[in-house]
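Kindly generate the complete structure, drawing on both the sequences and the hints.
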Amino acid sequence: MPYPSEYRYSKEHEWVKLEGANARMGITDFAQHELGDVVYVELPKVGRKVKQHESFAVVESVKAASEVYAPVSGEVIEVNKKLENQPELINKSPHTEGWMVVLRIDTPKELDNLLTAADYEKHIGGK
Amino acid sequence: MSTIFEIGAEGRHGLRLPELDFDEKPIEELLSPELIRKEDPKLPEVSQIEVVRHYTKLSKMNYGVDDGIYPLGSCTMKYNPRINEETARLPQFAYAHPFQSEEFSQGCLQLMHELSQILCKIAGLDAITLQPVAGAHGELTGMLLIKKYFEKRGELQKRKKILLPDSAHGTNPASAAALGFEVVELKSNERGLVDLEALKAQVDETVAGLMITNPNTLGLFEEDILHITETIHDVGGFVYYDGANLNAIVGRARPGDMGVDIMHYNLHKTFTTPHGGGGPGAGPIAVVKTLAPYLPVPLINKSKKGDEYFFDCARPDSIGKIHSFYGNFGMLVRAYTYIRIMGDEGLRAISTNAVLNANYMLHRLKSVYKAPFDRVCKHEFVITSKGMNEHLRTLDIAKRLIDFGVHPSSIYFPLIVPEVMMVEPTETVSKKEMDYFVDALLQIAKEMKENPEILKSAPHVTPVKRLDDVRAAREPVLRA
Chain A
3 MPYPSEYRYS KEHEWVKLEG ANARMGITDF AQHELGDVVY VELPKVGRKV
53 KQHESFAVVE SVKAASEVYA PVSGEVIEVN KKLENQPELI NKSPHTEGWM
103 VVLRIDTPKE LDNLLTAADY EKHIGGK
Chain B
167 MSTIFEIGAE GRHGLRLPEL DFDEKPIEEL LSPELIRKED PKLPEVSQIE
217 VVRHYTKLSK MNYGVDDGIY PLGSCTMKYN PRINEETARL PQFAYAHPFQ
267 SEEFSQGCLQ LMHELSQILC KIAGLDAITL QPVAGAHGEL TGMLLIKKYF
317 EKRGELQKRK KILLPDSAHG TNPASAAALG FEVVELKSNE RGLVDLEALK
367 AQVDETVAGL MITNPNTLGL FEEDILHITE TIHDVGGFVY YDGANLNAIV
417 GRARPGDMGV DIMHYNLHKT FTTPHGGGGP GAGPIAVVKT LAPYLPVPLI
467 NKSKKGDEYF FDCARPDSIG KIHSFYGNFG MLVRAYTYIR IMGDEGLRAI
517 STNAVLNANY MLHRLKSVYK APFDRVCKHE FVITSKGMNE HLRTLDIAKR
567 LIDFGVHPSS IYFPLIVPEV MMVEPTETVS KKEMDYFVDA LLQIAKEMKE
617 NPEILKSAPH VTPVKRLDDV RAAREPVLRA
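Sequence order for the protein chains is A and B. Residues 3 to 129 (our numbering) make up the first sequence, in order. Residues 167 to 646 (our numbering) make up the second sequence, in order.
None of these hints come from the bench; they were simulated from the model. Idealized CB from N, CA, C, for every residue including glycine. It is possible that some hints are incorrect.
[To be verified] To give an idea of the chain A side of the interface with chain B (calculated C-beta under 8 Å), a few residues:
| id | residue |
| --- | --- |
| 1 | Glu36 |
| 2 | Asp39 |
| 3 | Val41 |
| 4 | Leu45 |
| 5 | Lys47 |
| 6 | Gly49 |
| 7 | Pro89 |
Right, here's the structure in full:
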């Protein structure tokens, strides 16, 4: 699966798509593949404020429960309710339908800490 | 196979009760109406022989440590010697009642006191409680002691962090988080050990403690343990030692000498009391002097004259009780028996052979399966199937192992190695059994290239075939 070039990526395998002052985010195809079949997703409450790198969601697969870290600081303004009943969207469509959260970005400068698609592919290439 | 409800016939039963030798009273006279059933409960209606055959059949489908190799990593599924059962069934132990007076419980108390002393000696620590009934229960108790200590000093507000390596057992962060501590994960370095830089970056006056397993869940000895414990002590924190992997070092190295302040023992691992479904666990914890005042009550003590054992309840700073009565006493009898029979030399032989066995298996397997940390291991090791066949996963290998009549190893733990298998043979398997298990894994590696379908559809020899674990997790049916 290609990594959209307009997205930014964290080393912890989250992707970010800029939508004006907001960031839509989810976990990458690499992450979903490593996790295996996702069976449950715990999402944060709308209104929660998170700091960059703070754990704010959990993805549970048949193998393990894994933390999801906020790729940027901000306030949660929307969560993907579909994941409650269809956690498999993360496996099927990690970069679009399997989005998890939309954040209102606090500090746009933090986006500079994230990787480009090419750099992210290099990052996972060694794994 | 049928369930017990599907066999038998209406009205069939296995017992005939004797004739009443008093006048029968209608139930309405004995119970108020809301307590009386409107319909009979749906119980199985079966004869005695049907019951016996049903459960005998079920027991034959089971696989336990009495069947053969059971190499679950960090679980220490070793043989439970039968003599443990003999002593635990001595009527003086088996029929002792927890409300019996101290005077009539001297034998039981003596056993608990002696076991306490032996366990302290093995750990190199000062005081102990036998009350916790599982490893995780020991962890929780240990965290309660740390909390109480800082509460007493008025530092609880400040001491909020518990550090732990990313190879830790999942119960560690759960125990710390359950008491409101903030859990901070330390990344391992490329050698599979605690990264000292990562540790340094987190260590400050807000650290309440560090939880560590040594050897860790990769089967590797934390070589910098003295430096690690010193770093934590320098900021006034405590080091908790998860005793899950004690089998690797028992009789050879003592956690107390490593600078550990609290540790739990898994009597059901290292000291051969029944494990898992076979019986209740036991997870005593030992501590350094500083933490002794906070241990749960009662402790088992000896009178000044030395002629009497008693329940020591007069401990004003104690965190209180963490289990009913005195823990799982029957397990204490078994562990005591095992330790006394093994003796000093025997205990040392445990760790020697457990480590030797793990290295033997690793050595044979690593030419085919990748060993991410290719060096001498302790009592367990990790290998991975990553890169062998991209259409197959470690889960498929584990399922296929069942076809060979053995229990698979742990899989997908520790979390830091992808597609991992974690193998702990223990000291009680023979070379023949290890060779059989290794040969099965080598055969499976061949099948991964030549006949991958056979892995995908495994297991083939079990009463139920491949279970849909994804659907079971997504749509759990918890009540029929």
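Here is what the structure says about each hint:
1. Glu36: holds (6 Å)
2. Asp39: holds (4 Å)
3. Val41: Because about 4 Å separates Val41 of chain A from the closest Cβ in chain B, which is inside the 8 Å limit, the hint holds.
4. Leu45: The hint is violated - Leu45 of chain A has no Cβ within 8 Å of chain B, the shortest such distance being about 16 Å.
5. Lys47: violated (19 Å)
6. Gly49: violated (22 Å)
7. Pro89: holds (7 Å)
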